[in-house]
Every structure is written in structure tokens, then in C-alpha cells.
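One letter stands for each residue in the lines below.
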Amino acid sequence: MSLNDLIEILISGITIGLVYFLIAVGFSLIYGVSRVLHLSYGSFFTWGAYLAWIFAVKLNFNYFWVFVLVCPILYIMGMALERFVVRPLRKRDNFDFNVLLAGLGVALFLDYAAQAFFGARTKSLPSLLDGTIQIHDFVFSYQQLTMLAAAVVIAFALWFFLEKTRQGLALGAVAQDPVGARIVGVSLNKVYLLTFGISTILAGSAGILLAPRFFISPLGGWKFLIKALIIVVAGGLGSIRGTLYSAFLLGILEALVGWLFGLLWVMPFWFLALLLILLIKPHGLLGSTADH
Amino acid sequence: MKINREILTTAGILIIIAVTPLIFHENSYTMHLLIMSMIWAVAATAWDLLLGYGGIFNLAQVGFFAIGAYATGMASIHLGISPWMGLLLGAVASGLAGVLIGLPCLRLKGIYVALMTLAFFEVIGPLIVVGINLGTGGKAGLFPIPPFRLGSYVFNTDELLPWYYLCLILLAICLFITYKLIHSMLGLSFTALRDSEPFAQSLGINRFKSALVVTAIAAAMTGLIGAFYAHYVVVISPRMLGLDMFLFLLIMIIFGGAARFPGPVIGAFVITFLDDMLRPLDSYRLLAFGALMVIMIMLLPNGLMGLVAKINIPLFGKRDTEAEMLNPDIPKTY
Amino acid sequence: MIRNSKLIFLTVALLLFSGVFASPSFSSEPIKIGAPLPLTGDYAADGEHMLMGFQMAVDDLNASGGLLGQKVELVTFDIKNLAAEDVSSASKYLIKKEKVDAVIEGYGGWGPDWLAFGANSNIPFFHGSGSSTANELTMKDPKSYSNMFQYFSPETDYGVRAYQGLVSFDKKYQYPNKKIAIIYGDLDWDITYTRAVKDLAEKDGWEVVLDEKVPYGTTDWGPILTKIRKEKPAAICISILSVPDISSFVKQFVENPTSSLLDISYMVVFKEVQDAVGEGLQGVMGYVTSYVIPTPEGKKWKIRFKEKFGFEVPLTTPPSTYDATMLWAKAVREIGDVKKYDEINAYIKANPYKGLLGTYDFNNPGQGVSPSDTFPIAYGQYNSKGALSFFGVDEFELPNYMNPAWPKK
Amino acid sequence: MILELKNVTKTFGKFAAVSDLNFSVNEGEIFGIAGPNGAGKTTLFNIISGFYRATGNIVFDNRKISHLGPDKINILGIARTFQIPLLFDSMTIYQNILVGSHFGGQGKSEVENRINEALSFFGLQELRAAAVANLKLLDKKLTMAAAAFATRPKLLLLDEPVAGLNPVEAELFVGLVKKLNREHGVTIIMIEHLMNILTEMSDRMMILNNGQKLIVGSPETVINDPETIECYLGNSHA
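Chains as they are written, first to last, in my numbering: chain A, 1 to 292; chain B, 1 to 334; chain C, 1 to 409; chain D, 1 to 238.
Because the hints were derived from the structure by calculation, they are not lab data. Heads up, some of the hints might be wrong.
[As the list claims (entries may be wrong)] Each computed DSSO-like pair below joins lysine-lysine, with the alpha-carbon atoms no more than 27 Å apart:
1. 230/C x 178/C
2. 123/A x 354/C
3. 227/C x 178/C
4. 108/D x 209/B
5. 109/B x 136/D
6. 58/A x 385/C
7. 108/D x 136/D
8. 223/A x 308/C
9. 14/D x 281/A
10. 71/C x 271/C
11. 223/A x 180/B
12. 58/A x 302/C
13. 123/A x 308/C
14. 123/A x 271/C
15. 308/C x 330/C
16. 209/B x 14/D
17. 179/C x 123/A
18. 58/A x 306/C
[Unchecked claim] The following residues of chain B were derived to be distant from chain A, with all beta-carbon distances above 12 Å:
19. 109
20. 159
21. 206
22. 212
Keep in mind the model is a prediction, meaning the values are calculated, not measured. Backbone N, C-alpha and C define an ideal beta-carbon position, used for all residues, glycine too.
Whenever a hint applies, use it, and build me the whole structure from the sequences.
Set out below in C-alpha cells:
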């Protein structure tokens, strides 16, 4: 393996990592704050892309307006899910189990609703920016760079929101200790609503950003949901920083395994990596040890 | 064994299944649906042992089904072993796989078990494809898997009655095992762990051991019926690991009632026939199922069996209390 | 809340039972055609197109007074992700319950599955698997498979055609080396097809520098592209029957291309790939399993299709299911009784049928069509307008060949 | 000496919930633990009963137990209750106690005896077939204690057993605890917020603050100790 090969593999690993971070971050947030394993997350990813397709392709809006229009819709969808499905279940026994299954039901519904509205055939979104740029021997597409920029912006915005705003701090408080947070006057329901809204925006935005690269189909979200699950577990449930690390770790692993053994071996190796991480650190790379 | 609602319902179901061919044996499609329902009934019941009774979110159950099917498929095609041995082999192979998966996964807690086993489930398909040199048949699958023989009689696809009663026997065996398990001390232990893990542990229950044993048993039952499935449908391929079976089994459990033995059996029959009835809806069918799944969870969390439990039948004395419904046969005296 | 939940129940119940009553009833017994199709799941997109071909055929038959004076009715069965038990259920449902008089499927069992379930009856059974294994199995046991007809050429023939297509550019393109990269999905179809390409290439002295199987669902091609850029092969042949997979491959390849001719096999016909990749697709090539031959009837049919469904007919899928339905209908008319299955089968086997895509000739031990002058496999290339241009059908004259969009380095 | 802790420390991240704790409990005594919220009392119980792994050494009945899991520790003879009733809600009272008797108790032939004894000791005979989900708090707490008792513990850890009970119920419960100690010789460690109950019952007491031991001694010495007073007053000012 020459140095150039290695660098090229690293670049593709990092690109894959970027994709995975964008996909997994909202999933991580929602589990961290509300302890909901959100199995319909992948469907919102798909719906984000479909909504963008309506505005960008059918109505010919530019991407700025697409985001402006789609984000509020996603926010409302996420809040509706929390308010009408998750919250009623919260009061009952076996919350974890029921919410998991309800999530699967919602996913099934949303996916086939997408097929009913948009048809089963694959759709595509135009690139945000076309073209490539060459640096030394290596070529980057603007799409890749847009994704990088988006990942940085999202990571920074999330950090700012969680660390510097009142509502963000409330989210953090609930994530650490729901009972304590309620005692100091945080409304849990409001925080959960907010979390679902924001995560859904994150899922949908990832869908929009990645659709030019991966395309949209009604069941297209599942593949990414599964990957997001593995990433988030490996990183430590609820830890955004852990998600960041494990997304890149597994992305680079994917590129390496793909290069050395072939892409067929990627999933088996991922599984092995996950197994190893959890055997050494049962709560993932940066998972909190006091997880209830 | 004290006669109770669970036994009555189960016996009723088995008797109805046993006499149904008197009416339908001419209608081979209905017979086929009934056989498929029985297959799903076993798989759903075994899964419910983990999800409902054990509170163990093992999402790799469909994987065990495939392992059982592949064990017998590969052994009977490549090694020429008898399909009857194949049934046993399927159960053993899946049981072992259950232990192997359980060893790392069950040391984890709650939701981590779900994620780990889901990851494992996702990796079985790729492993089957990668293992083409070991005789898995790769993505195309294995074909044709030889049928059962009884003396000089060879089971064939034109005559479904022998398949039907063989499947019924397997179903009855699995239901008996499940019933006995739920009402054994082992059953009490994993139900206790589900209800309150810390309290159960503080009273001397070994969480890991209990979860491992029930995982192995559930996997073995699933593998057994997976092996039967392989011989019955003649062709198996990694396509069985798609989302369909996964989701449908869950819907069956929800519909019949999780931890409401024999709810999943009822769920399996209702959903299999409902799915067939809804065929004219084509792709809207799954839209309806998604909605149905959410509505059931929201409005009828204990499923159909939860409704059965509420019915008062004067003939059988007063209504069982909820707790007795769950564990009526735990010995009152030793 | 109680009223609310009742309302929900009512809605669901209505939704559920509307299905039961939706099937219309006829006074006289209609003739039923069974169509197992993937209507949900990963292959639903193709299922939709197959269904359109059937709808055209059934409407045409009924508009002309039905078949032997009886109305023709299509019975579909959703085979989801093509799992064996769904294929098995499909056969039982259609043959045993619905008692259809023919089964025609688009593709869905990859050959052997259909043989397993179709051979139990003698009703005419058409499958479009394009599987050489299916032909071989039929040859071994012609008696029990006498009702099975494969109306697509097997994948090995496409391999031959694709290889001929690729190397025929030698004069115009001047291959910089004799290296070829072969990438394929893990379906039997992909494996057998690329194996054929590989064998021919090696015989001709090409060096196969990459021979890699990839899983379906691959949309990040970085590691593979790194290998390609390292080897710089003169030709790349990739076969994976999925729009997202192939589109992302081309898109990511074009971002930093090597001077290789790119053959994306059958996926060249998909309009979605064209929409997704855009300009980058210029010069990409591939074979076309079949296409509507530009006769007057063919042209008329294409116009009718557009009027009915509102878009240009996709190249292969709807005309295939249309042809299969019509060729069966012709045999039924000739025999004069839809229930005389053995006679109908014998007729279909003995008499070639001229359809939209060419002449279907099942008169061979495998009972499958194979490519010929009258049943051509075409080889095509995207031209700069984004439309597909065919290369000569009889000989490779390459009238419209153009260099790929990416620069030759 | 039935239980001895040496240099026991438990940290969560940077926060030390219990730090360098040393104390011992004598066989047959009632040992009370008090301290402000967040002092590490429940964490200490979780360490002793094996739910948390801590550094340091714990010896019970001449055996090192610091590396064992909760089930093993229970079988060696330590049982516990929880602050909030964590019962098996889908079962009857009888079955709740059966779990303890079968899995925690020694000698399988004695299972039924242990259950009956526990039922009658805690006055639950009448309710034995009742589902626990709908019981009132007192009965839930009694069931939890009865199940723990059915494991035949040498040492019983009670985490705020009377919290949430009215004075009459609390008195009943306290009486049962004392009887358990006197008649069955069970050593008891008890966490309690209400100082008057604790001083009345305990043979010795310990005050915890910020995960550290402030003082151990007889109730009188502890309650008159200036550090204890400051700790409680200081806490109430905060």
C-alpha cells in the first residue's frame, strides 16, 4: 500500500464518516435526552428528502428555500410523533418495549405512505453544488465539501445550542437526570417535544444533504437507520461526541476493510468492532456509566 | 396441572387446528396458509418468550429461524442427512447460536441487547452471502431441499395433509414446552427480572444465567420450526432475512398480546389471514399494517388475549385475576 | 377519548374491509391470469412497471371482445422481497385458490424458485428470470417442466453481447491498455453475467485487474474507486441491479475518473439513473435485454403507452409482460379452449410468436428464448443529450459512438 | 463482626459518591445510617449488595465479597430492600416471596416453609393471592421485606423503610424490624431520614456526608456530636 493509496483510503473513510455523523447525530440526541430508541428515525430521513424533492424538483425552488420550508414541516412531524405516540406510552409499563414497536409501526406507515405518494421508483435530488476541486493528487467534489461544511455547522450549532442556550441546557439537564431536572423546574414534556422536533430536523436535513449522493426510495431509510444504530451504540448512547468519534472510526474502518478484503466484509467487521468496543467498554466509547 | 384459561385457550386452538382439514383439506391454498400460520405461531411464541416474558430485547430471532433453515438445508443437500435429523439439527444449531450470541450480548443491559442483537441480525445475511464456499448457496440460496420421508411415503407439495399434521405436532410440542417454561421456576425468574431486575437480583436470581437459558430455548424452538420451513418451502435464501418476517412476527405478537400466552398463536393466525384478505390493497396493505400496529399498541396493549382474559365464562368459575393469568401454575404448595 | 378511539377503529375497519369488497364480481366466468409481482419491498419499483404491461395487455384483450368471448382478469400476488415462501405462496394462491389459467411473472424468483413451484401443475407458466440455471434444469427434466417458459434471454448471453460491445470500440477508442475491472453484486444474475464477460476477456488476452463482489446497498464506492484509480483499467464492467447503487457508482467515478470505458450493464436502460447522474452519464454503455423494435406497430404501441400512463415507456419491462400475455392469448385462441393446458403448452413451444420485442422462440430443450436477429439484445450508449442511442443490431457498426464525458488522461 | 468495609471508594466520572470509607458492623446489631441528600447512602447499599463495583475491600462473614454480583451476595446471606418498592408487578404477593425463597434461600425442601413463615411474620397471609400492582404502599413495603426475609439473610439492608408511611404504619413496620432482629437474630443496616426513629432503634449509628464518614458511635454520641449538627444545620441552610 503506497502512501497515496493510504491517503486516498483515509479520505474516503472520512467522507463515509461524515455521512454517518450526519445520519447518526439526531438519533443520538433523541436517545440521550428522551431515552427513546427511535426506530422510525430512518423514515424521517427519507421524508426529509422527499419533501425537499417536492420543493427542489417539482417546484424548482433553490436549496436555501428548500431548507427554510422543509425544516418547519419536519419539526412539526417530530413533535406530533412525540405528542401523540410517545407521550401516551410514557405513562404505561414497558415503555421501552412499546415505544420500540410503535416506532416500527410508524416507520412502516411512513415508508408506505411515501410509496403511495411518490411511487416506488428511485428519485434523485440535484447536487447542492456541482463540480470538483483538485488539491495535489486528490480530487474532492463540492458535494463532499458541502457535506463537510454541513457536518461542521451542525456539530457547532448543536454544541452552541446545548451549551449556550437556556433550552439547550434544559435538554442537557434532562439527559443527565430527568427527575432532578423536573425538580428544578424544567418541563419534561416541553423538552421532549423540543428534542423530537430538533432530531427530526436533523434526520430530514441529513436526508436532504445525502440524497444527491445516495438517492431516495421509500425503504431507503432502513439501511441508514441500522448503520446509525451501530454507530450510536459504539459511540455510547446519548453522547454526541461519542457519536462523532465512532462515525469516523467506523467510516475509516469501512474504507480500510473495503480496500483490503472487499465491501462484502464491511458489515461483519463492523459487527466485530462493535463487539470489541462493547466488551471493553460496555457503554460504548463515551457512554455514561450511570446509565439507567 | 390445574385447568386454567391458558390451557383451555391453547387446547381449544389446537383442537380447532386439528379438525380444520375436515372442511378445508380440498382447498390447498387455505391449507398452505394454515401451515404458514402454524410456522409463524411457533416463531412468534418463541420470540414472545424473550420480548414479552423475559423483557429481553433480542431482535435476532429471525436470524435463528434462518440458521435452523440453513442448518438442515445444508446438511441434507451436502451431507445427505435425513430431514428428520435435520429438524433436530436445526434446533441444536440455533440453540448453540443463541448461546454464542447470548454470551456477549446478554452481559449488556436493556436497550444495548436490542442494538447488539439487531446488529447481529443484520450481519447474518452478509455472512450467508460471504459463506458461499461453505455451501450456503450465496445470495441465490439453496434449492431443492429434500422432503421428509416416512417409510416409502415421500412428502410432496401436492398433498399438504401430512405437512399439516407434522407442523401441528411441532406446534403442540413447542406450545407445551413454552407453557411448562413460563410456569416453571425458570419462567418465574425471567419474569421477575423483567418486572424488576434489581429486586430479582437482590433475591438471588442470576440475571445472566437465566437470560442465557431462555435465549437458548427460544432460539432452539425457532430453529426447529425454521428447519421445518426449509423442507416445506423447498427453497431458502437470504431474502427471508428481509424486514417482512421481522415486522410481521412483531405485529403478530402485539396483535395476540405480548406475554399473554397463547396470544402470539392467535396473532399469527389472524395476521396471516388478514394479510391474505388484504391482498387486493396491494402496496397499501403495509400502510394499513403500520397504522394497525401503532393503533394496537396505543389502544389495546394486551392484544386479543388481553380481551380474552376479560371475558367472564361462568362455566369456568370466576374470572382469573391478572396475576393468575400470568402465572397460574406456579406451585402453591411444594 | 372514547369517541375518538371508536372513530379510529371504524376507520381502520373500513380500510381493512374495503379490500374484501373491492374485487368486482362478473356474471360470466372470466379467464384469470396470475401475476406474481413485487409490489412492496425493495423491488416494488420494477413491480409497478411490470404491472403496467399487464394492464395494457388485459385492456387490449378486453377491448377486442375478450379471449374466446370471455373477459380476461388479472390476479396479482405481492411477492414482497421475493423470499421463497412468498414465491411458494404465490404459486399456491394463484394456481390452487384463484385457479388461474396462466401464470406470468416479471422476474422475482431468479429462475429455480419458479421451476420448483410451477412444475407441480401443467398450466402455462412464464417467467422472466433470465437465468441460465433455469434453462439447464429444464433440459434435465423436460417432462415435468414442459409448462415452464422463460421469455428473457439468459444472463450468459448478455455477457457475450456486452463483451462484444465493449471490445468493438477498439478502432474508435484506442484502448490505452488491456486491463479490465469487473465489479458485481451478489445476486446470481450479476455473478453469472460478469463471469461470462470475464471468461471472454481472459480468452482474448485481457488482464482482469479487479474482480470484486459487492453487497447490494453499496452507495459509497471510495474503496473500490481507489483500486480502480490505482490500476487505471481501459474498461470497467459493473453489474448491480439497483438504481441507487449504480448511480452513486457513476457519480463518484466521474468525480475523479480514469480513462476507462464504463459499462453499467442492464442499468443503462433506467431513466432514474439518467435523472440521477445527469451529464456524467454521457458515453456510459451497457446492454439492453430487449427493446421495442421500431416497426409501425411498435411505434404505435409506444404512443398508446404514453397516452395511458403519461410517460415514455421504460425500455424493457412493460413490453415484456405485455408480450408474454399476448403470446399466451394467441396460443389460447389457436387451441380454442383455455383449459387444454398441455395443448396450449405444445403450441407455444412449436410456434414462434412475433411480439413487440422480437420473435419469441421456445422450441429448444431449455424452453427459453435466446438472442438472435429476430430477438435482439442491443448495446447502447448514452449520447450527449442524455438519451440512449443503440448500436447496430445485426453488426456492430457503431454509428453514434462518442467519447465519454470524462477526459482521456 | 459480620461486615467490614476497608478503603471503599466509588466514583462516577470525577464525582466520588463514596470515598475511602471504613467501618464495620457487629453481628446481631441494628446499625443506622443517616446523612443529607446525596451523601452516598444508597450508593453504599448498592456497593455492599453488589450492584456497583467499587474499589477497596468488603468482607462479609469472613469472605471477601467485593467482586461478587448481587445474586451471589444474596445467596451468601445479604438481603436488601429498596427505597421505592421495586416489586414484581405482574405477580401475586405469594409469588414475589416465592422468588426470594426459591432463589435466595438455601435448601429447596424448605421453600414452602420459608414462604409461610415470611407471610405470617409480616402479616400477609390474608393477602397472599393478591396482585401486588394494586397494593397500598405499606403492603408493598411489607412484601418487599418479606421476600428479602424469605432468602434467610444474616444481614438485611433496609433503605428508608418507612419513607412515605403514616406514623401508625411506620410504627408497625419499625416494630417488625425490631422483632426480626431480636427473634431471628438478623443483623440490620438501615438508612433513615427520620432521626428520631433511627436513634430509637439503632445500637450504633453512622453519619455520611459527601461520601465520607463523619462519625460512628452510639446514638447519643452521634446526635450530640458538633459535626453532625453542623452537617444537618449547614445542609438545611443551603
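Checklist line | Unmet hints by their number, sorted upward, for this structure | finding: 2, 5, 7, 8, 10, 11, 16, 17 and 19
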